[in-house]
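There are 4 protein chains.
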Amino acid sequence: MSNQDIIRVKNFIHGEWVEETGVEYTPLYNPSTGAVIGEVPMTSEKTSLAAVDSAHGAYASWRKLSVSKRVGFLFDMRQAMVNKEEQLAVSIALDQAKHISEARGEVRRVIEIIEAACSIPTLIQGETLDGIAKNINGRVVKQALGVFGGVAPFNFPALVFGWFIPYAIGVGNTFIYKPSTQSPLFMQEMGTIFQEIGLPKGVVNIVHGNRSIPGTWYENDKISGVCLVGSTNTAKKMAEACGRGGKRSMLLGGAKNFLVAMEDVNWDVFIDNFIHSCYGSAGQRCLAGSVVAAVPEIYDELVERVIEASKKVSVGDAMDPDVYMGPVISAKAKENIENYIEIGIEQGSTLALDGRNPEMPEKNKDGYFVGPTVFTDVTPCRRIAQEEIFGPVAAIMKIKDLDDVLQLIRQQKFGNGACIFTQNQYYTEKFIAEADVGMVGVNVGVCAPHPYLPFGGIKDSHLGTDKVQGKDGIDFFTQNKVATIRYAPPAGVNEEGERTDSDKSVRSCVAQ
Amino acid sequence: MSNQDIIRVKNFIHGEWVEETGVEYTPLYNPSTGAVIGEVPMTSEKTSLAAVDSAHGAYASWRKLSVSKRVGFLFDMRQAMVNKEEQLAVSIALDQAKHISEARGEVRRVIEIIEAACSIPTLIQGETLDGIAKNINGRVVKQALGVFGGVAPFNFPALVFGWFIPYAIGVGNTFIYKPSTQSPLFMQEMGTIFQEIGLPKGVVNIVHGNRSIPGTWYENDKISGVCLVGSTNTAKKMAEACGRGGKRSMLLGGAKNFLVAMEDVNWDVFIDNFIHSCYGSAGQRCLAGSVVAAVPEIYDELVERVIEASKKVSVGDAMDPDVYMGPVISAKAKENIENYIEIGIEQGSTLALDGRNPEMPEKNKDGYFVGPTVFTDVTPCRRIAQEEIFGPVAAIMKIKDLDDVLQLIRQQKFGNGACIFTQNQYYTEKFIAEADVGMVGVNVGVCAPHPYLPFGGIKDSHLGTDKVQGKDGIDFFTQNKVATIRYAPPAGVNEEGERTDSDKSVRSCVAQ
Amino acid sequence: MSNQDIIRVKNFIHGEWVEETGVEYTPLYNPSTGAVIGEVPMTSEKTSLAAVDSAHGAYASWRKLSVSKRVGFLFDMRQAMVNKEEQLAVSIALDQAKHISEARGEVRRVIEIIEAACSIPTLIQGETLDGIAKNINGRVVKQALGVFGGVAPFNFPALVFGWFIPYAIGVGNTFIYKPSTQSPLFMQEMGTIFQEIGLPKGVVNIVHGNRSIPGTWYENDKISGVCLVGSTNTAKKMAEACGRGGKRSMLLGGAKNFLVAMEDVNWDVFIDNFIHSCYGSAGQRCLAGSVVAAVPEIYDELVERVIEASKKVSVGDAMDPDVYMGPVISAKAKENIENYIEIGIEQGSTLALDGRNPEMPEKNKDGYFVGPTVFTDVTPCRRIAQEEIFGPVAAIMKIKDLDDVLQLIRQQKFGNGACIFTQNQYYTEKFIAEADVGMVGVNVGVCAPHPYLPFGGIKDSHLGTDKVQGKDGIDFFTQNKVATIRYAPPAGVNEEGERTDSDKSVRSCVAQ
Amino acid sequence: MSNQDIIRVKNFIHGEWVEETGVEYTPLYNPSTGAVIGEVPMTSEKTSLAAVDSAHGAYASWRKLSVSKRVGFLFDMRQAMVNKEEQLAVSIALDQAKHISEARGEVRRVIEIIEAACSIPTLIQGETLDGIAKNINGRVVKQALGVFGGVAPFNFPALVFGWFIPYAIGVGNTFIYKPSTQSPLFMQEMGTIFQEIGLPKGVVNIVHGNRSIPGTWYENDKISGVCLVGSTNTAKKMAEACGRGGKRSMLLGGAKNFLVAMEDVNWDVFIDNFIHSCYGSAGQRCLAGSVVAAVPEIYDELVERVIEASKKVSVGDAMDPDVYMGPVISAKAKENIENYIEIGIEQGSTLALDGRNPEMPEKNKDGYFVGPTVFTDVTPCRRIAQEEIFGPVAAIMKIKDLDDVLQLIRQQKFGNGACIFTQNQYYTEKFIAEADVGMVGVNVGVCAPHPYLPFGGIKDSHLGTDKVQGKDGIDFFTQNKVATIRYAPPAGVNEEGERTDSDKSVRSCVAQ
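Residue numbers (my numbering), protein chains in the order written: chain A, 1 to 512; chain B, 1 to 512; chain C, 1 to 512; chain D, 1 to 512.
I should point out that these hints are in silico values taken from the structure, not numbers from a laboratory.
Ideal placement from N, C-alpha and C gives every residue a C-beta, glycine not left out.
Keep in mind that the hints are not guaranteed to be accurate.
[What the hints assert, rightly or not] Below 25 Å or equal to it, Euclidean Cα-Cα: the simulated DSS-like pairs (lysine-lysine) are:
| hint | chain 1 | residue 1 | chain 2 | residue 2 |
| --- | --- | --- | --- | --- |
| 1 | C | LYS471 | D | LYS471 |
| 2 | A | LYS84 | B | LYS69 |
| 3 | B | LYS400 | B | LYS413 |
| 4 | D | LYS46 | D | LYS10 |
| 5 | C | LYS69 | B | LYS400 |
| 6 | A | LYS222 | D | LYS237 |
| 7 | D | LYS413 | A | LYS64 |
| 8 | B | LYS46 | B | LYS69 |
| 9 | A | LYS413 | A | LYS398 |
| 10 | A | LYS236 | A | LYS222 |
| 11 | B | LYS201 | D | LYS134 |
| 12 | C | LYS69 | D | LYS84 |
[Claimed, not checked] Some chain B residues well away from chain A (every beta-carbon gap over 12 Å; in silico):
| hint | residue |
| --- | --- |
| 13 | LYS10 |
| 14 | THR21 |
| 15 | TYR25 |
| 16 | ASP53 |
| 17 | ILE136 |
| 18 | GLN188 |
| 19 | ASN220 |
| 20 | ASN233 |
| 21 | THR234 |
| 22 | LYS332 |
| 23 | GLU342 |
| 24 | ILE343 |
| 25 | GLU346 |
| 26 | THR350 |
| 27 | ASN357 |
Excised from the complex, chain A in its bound form (with noise of 0.2 Å):
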């Protein structure tokens, strides 16, 4: 790639693509290759405060719109991304290293959650409580608070998109959007998309850097509130500075699921679940499930089809049609996941498949790539069962029985997902009711809810009281504003609505 080929990639500032100037800018790779394909700017905290103006300007007009109206430019922006679906597919292919085939299943997800966002008209509505004392009635709107500020991780670039913007400005809210700048690509489509469909200026803002682009929201009187996906660290890095600014968060942060076992297990469900769970995006997930968790009976039996049907897994290029699993991120997260194959190794579990530094094509010889990895034989208690890898690498523990496997889920510091593969409903519902985590699955690897449910965890893996998607995601993005109205009489007008110097004999019809 020559250097004329570099991706610039630009800010989206009240409406118009910006190019940052006088700042440095840091490469962009293809995990693939690790070949430099662009730079991203580390933009100035005066641009980072433009766009705080542009979406506050933006505010004041958007807000009163009808909500119809609002609601109309998602169903524009679905349509338009419809139509871009492969395109945006590939740039999150690009720079997020996501293979293809997962990528095209991301545009998909954030389609129906636009669709599910189409539902704000009916979400939006407040209640009435009339009568609440003679003359006086009670009334909930859920209105818009202002500015939201949104900071996305690498690995969904696309998703959280999803999560934020749609509902943020749907219900009248404006949007400031930094991606993040390992995989800034599929918003440099969005930008434009949102051109397209005519979104007024300033509704939503994209601006590339680093923490001090956030770092000019939390004392900032034009912002309302802020939001992230990221790691538990971060989450609570902005908690708390958004504690001291008094703004409200909502922060997605790290996690470490469990898959369970149990020994009326279905193989074929279990076996196509994990190697989704725990190899789909290089495991890069929050909801990746990096821990399986089977009962004494089927441990020997679950070790040996997770290694073999782990062995079978493809590693290579994202966008190789051939190829099941594509690289890690950065040369920095290769090295982190090696890291801790090791401390696996020196805490005594036993390495059963190791996936580092796998065999490459000449052209994928500088990726980033590490392949299924899988350790046995681990105890809840080590830092690779308790600790988030984000890479391709399962921990199989033997749990004596169900409430045992409960305890060592509440024990965790992290509480996004769980899942357990049984067909037993009182498993099923003793799971569902105790494990003490955000979201739960049964029979199912990864478990994301649907687009029209709410999606997050608790405890570490969460900080704030709502999540992201369907109800939660309007109370995030609005408040209950409570109105007490009385209305008495006009001067002579009685409590009955009769002039008191009008006659007051009944006409009725029926006396006739």
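Chain A is already provided as a structure; the job is to place chains B, C and D on it using the hints.
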């Protein structure tokens, strides 16, 4: 129009256009000219039953599609209608002779109704109440019921389609639709759209004919419910038959709607809305404001302003862009309206503006025209103040005060809509609380609720408990099925989910 | 019992106990002994109309009370019932001859239903959709309708009161209640409670008699709706009359409920629940499990276990603490059940346990007793498998698999309840999704939903669209009135709320 | 008061009253007299942690009780409070020195809040979306989270209890409550009620002390969330600490509420409400109306009427029935208010009524009294118009028009309540839509929402996204856990629920 131009209206049975043979056909007129433009089959019971079979057969698989897939057809239907918007409007302006600008408005409204129906995955969500007792959960699911039949009136061929079919099929039922024989052309377009979007065969069937069509439904085990927009008389007859046959029914009937002007009326708002309400659709709609009630201090001015504005309303061909109001639906309708004008005169009201037999250009001289007609000095019990005229005839009466008119509304047999014109919040809230109708308007002339909110009246205007549109639309076409689920541990497992033979010690990383 | 001990049942009209004169009285029996214990007036139409007038008059002010105040009466009613719990139970055990332990259960359940009705201020909240267009708001308010009439069956004198009256009056209607002439005593207690808590006169009226009582409602302008728990035959007749009269109706009819046992049935759970379901209330309830369907591999064992357990069921006086099952309601009911047993034999089923004419102690020798009765080898189309016997008679049939029994349930004319006994979640979910009834149970024998969830069937078991209890309870007794409200600035004020003559400069403390 | 009459305030730990030893005690005053009436322990961290352990231990079984049983305790708590209504009111009038008539009102309000919390079984219902894909269901359940800690302010010792505890425990959490050290007596009564109704030990713990108590919560794994009603400064500090520790928080802070009088103000309504709003609780409440904004044509009359009415407000002992307004909470509070009066004068506003150092009878001469105080000619940016004084001080300013005051409200850092006085519906709706606060009042002075509707502000008045009361109350104390459930047929059964080896013929009674 030569004989070969006559449109031979077809039934739409199991996804195909089928010409009915061996039965009588009734002529279809263009009310703007009185010309015969087509013919409509009086379909046989045999064909009607074939439609039932088609719908019943289709139900088995249609209901099992995921709600997202069913709603996907609504997204496609909406887009197809957007693409054919003008063609659909012309079909209404032709046989129903709604003025083309109003016909466009009706089509636009139906598109919005379908957009609202795209919220079905949100609206159809049931409820859970877990842990209602130890190991017992409760669950409510909103489920489709089977096949519904619907009968439409002539006056809103598109709107009534929108009220019934998107909701009925979106939640999982299948449908048989009988359009009015006076305005069948809109559905001839829609059937083709159903084919274009690949709606499964039998999900919607269209059958033309008389009351023998619903006659095949009432005692039919394959039919779950019946809906109607029509006269109160028809509604009661159908309610009786449905009761006898054990079918649920939602039957919208006639109306007589008050427009109430208070002393602080904003004249511009009132007159604009009066004209639209009384003369729109040539007065042929269930929300037409046909009784104008004014308090004494503004009564004289109101009469003067109403007459002045009414005189300016142009009458003519439904396709003429310079015209405001088209013809009424038929010669018989015209005669009926003229008969009411006679009754008004006979019972002593003042005919302040006589719209009978307006002058028309040559091509429209056989059209069914009645011009704006205004009675003044009407008293409440006169027939023109009590009965539905379904034509452009206003009855103006003087009221004493708000309480007076609220009593008149309460004494009415109908209970569809009522509107007040005021700027005072006490009047507003009192009217909303006490007007004994299903729909209230404040400073609007046609109080049709927004597509996301329910539409319907009470008393003789609405038989049944559910209305159309929004959450009500879901309720009629589904049942709330309730499951009570007990789950008990499998053998060898105690109430805590522990194997009774396993080691009870807890493994805690915290405790290490 | 001497003549002077005969209870002369009174009507409760406008807050007073009134003895009906000049009419026939029908005897009231103690079904445990056959003794006459009272007499019940066949109230005149004149008195019935007086009750209507009372309720109609009371409505005007009752509906204007704040919802908190109306619900305050429910809190008080609940407490008064708690205080009289045993007395209320005895009243049921006496005339309806429900066994005293079950009678206590019924009273307890009604108290819970009233607790659920205390949620009315939450449930009755309407919706708002502000800004549906510029300066236009939409609002939905759930409003009472007027006077409702309700007719109760003999078998649940307390429960049916709980389904109708707390919801009907809590939302603002007034009520006329006709208890069964076979079990009027419970409401004699309740009327006194209404007086004690100071319920305004006319809010609830109690009238005893035959179908001429509801006969005064159907065409009566003062009545808004009718509800019933009774036979399907009565329900259809009332539906027809309500349709003719334009009244909304909610009419619960008959039932025939399957208990389905799968191959993984938990025997203890099944047998316990079968006994309770089939023999509780002596089989006289709409959720009695009267068809037992078992898959082939457990059929023989199930037959054996059912007969063994049925033989242990003790029959006797409703007040005897050692008895499980009391008598049926009347000599005629007994005869009817015995007739069905004959039919069962004639159509070829095996009478494996014959409960006719069980031996009784002297004092109960004239009571109306039928003991547990079990038919085996029943095939689906036999009358004892299709018709409601309303007595302690079980019909056991062999089914092929889950799909087989789902088809049988679908073909039934009734659609009230159905229960499955299994531990498998596929069977559970399939059954919940596809059993063509209104209420489903899993590992429970009587699938009565929790008081916070709706109760009711479909098909011939329920005429109308709303069920009782929970959100459904609100829907039937209210309408969703929709207001569309336009507000425009007063003269001299522009769209921004500014006086057109005032200085436009903004005063900002921030800018200082 | 002799030494032995000093109340030694106790902690309530694990269901027992425990006297804290070895720590400092702070004196408790009667603000009406300045006398020391008790002493309050500055509880040690060790005891605070014991309370956490108690609550955490109790959670395990409390959360597993059915919701009906938990709400049963609320029914009992309500009844116990009704029985002790006056005793509870006196406890508030004593240490908080809220005037006894207001104290009674506060207790009454809390009883209503508990009644509203009795709707929890309705409010806590989750959602279902069955069939989201073939054989996959989605379910949302609202689940408790664990242990919550709450900190109360001095001014509403009962109300804040009502906001936090009934909802927190009703949904299944357990609670640690730190009352204000200035008004601990109400909770001393409540703890005894908890014992009387048999509330399980540890479900509610009461701990007195300073900020070291919540200091034990933020980083504590046993704590799930924190709530506060207090100053904005405290709220932000706690938000920061909660963010750092990963706890959810709901923190109500300070306020500065406008009362806006338009040209059509109803004077009687305005003055009554002004007096209640500004001088109720001696101005020590977050909904006190402390800025009065009037349009020019009524400004002068308003000033005159406000001063005249303010002069009539009697000040004195909280237990004196002839008094309207009691003292402020402490000598320091008095000093702070007097300091603000100085600031008001210094910044140029007119001190039209000076309430400093009102004359008092001998027994109250050391009480902390400030009388009604009115500033006129206040301009928006002055400190007395911007900062929370928390005393009976009104600042009157002239505004240009509605838009002008809406801008002033928008510029405020606080966003709690705002009230308008008008009869015009445009002003009403504009104000509801655009006043940038959480609670709006129309013709009411204290816009506290009805107990069934949410209560809370925005901006610096409320940190977090959920409010208290109603549906919001549920949201903060639960998470929306989402389950995605796939069920597949057991071996030997096909997708239709048929055994693959069974005869496929359908048995149909209809077909026979």
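Given as non-interface: LYS332 (chain B), partner chain A, CB spacing beyond 12 Å: holds (28 Å)
Checking one constraint from the list: CA of LYS84 (chain A) to CA of LYS69 (chain B), max 25 Å. Satisfied? The given pair, whose Cα atoms are some 21 Å apart, holds under the 25 Å limit.
Would the hint linking LYS413 (chain A) and LYS398 (chain A) be met if the CA-CA limit is 25 Å? holds (20 Å)
Please confirm whether ILE343 (chain B) is truly not at the interface, meaning its C-beta sits more than 12 Å away from all C-beta atoms of chain A. Given that every Cβ of chain A is farther than 12 Å from that of ILE343 (chain B), nearest at about 15 Å, it holds.
Given the hint that LYS46 (chain D) pairs with LYS10 (chain D), test it: the Cα-Cα distance must not exceed 25 Å. With Cα atoms ~15 Å apart, LYS46 (chain D) and LYS10 (chain D) stay inside 25 Å; holds.
Given the proposed pairing of LYS471 (chain C) with LYS471 (chain D), does the C-alpha separation stay at or below 25 Å? This hinted pair holds, its Cα atoms lying about 16 Å apart.
Compute the least Cβ-Cβ separation between LYS10 (chain B) and chain A, then decide whether it is above 12 Å. About 32 Å separates LYS10 (chain B) from the closest Cβ of chain A, which puts it past 12 Å; holds.
Beyond 12 Å from every Cβ of chain A: is that where the Cβ of THR350 (chain B) lies? The claim holds: THR350 (chain B) sits with its nearest Cβ about 19 Å from chain A, beyond 12 Å.
Pair hint outcome, LYS400 (chain B) versus LYS413 (chain B) [Cα-Cα no greater than 25 Å]: holds (21 Å)
LYS222 (chain A) and LYS237 (chain D) were given as a pair; does the straight-line alpha-carbon distance stay at or below 25 Å? holds (21 Å)
Against the 25 Å threshold, does the CA-CA distance of LYS201 (chain B) and LYS134 (chain D) hold or violate the hint? Holds, at about 21 Å.
Just double-check GLU342 (chain B) for me: nearest Cβ-Cβ distance to chain A has to come out over 12 Å. holds (21 Å)
Hints 5, 8, 17 from the earlier list are contradicted by this structure; the remaining hints agree with it.
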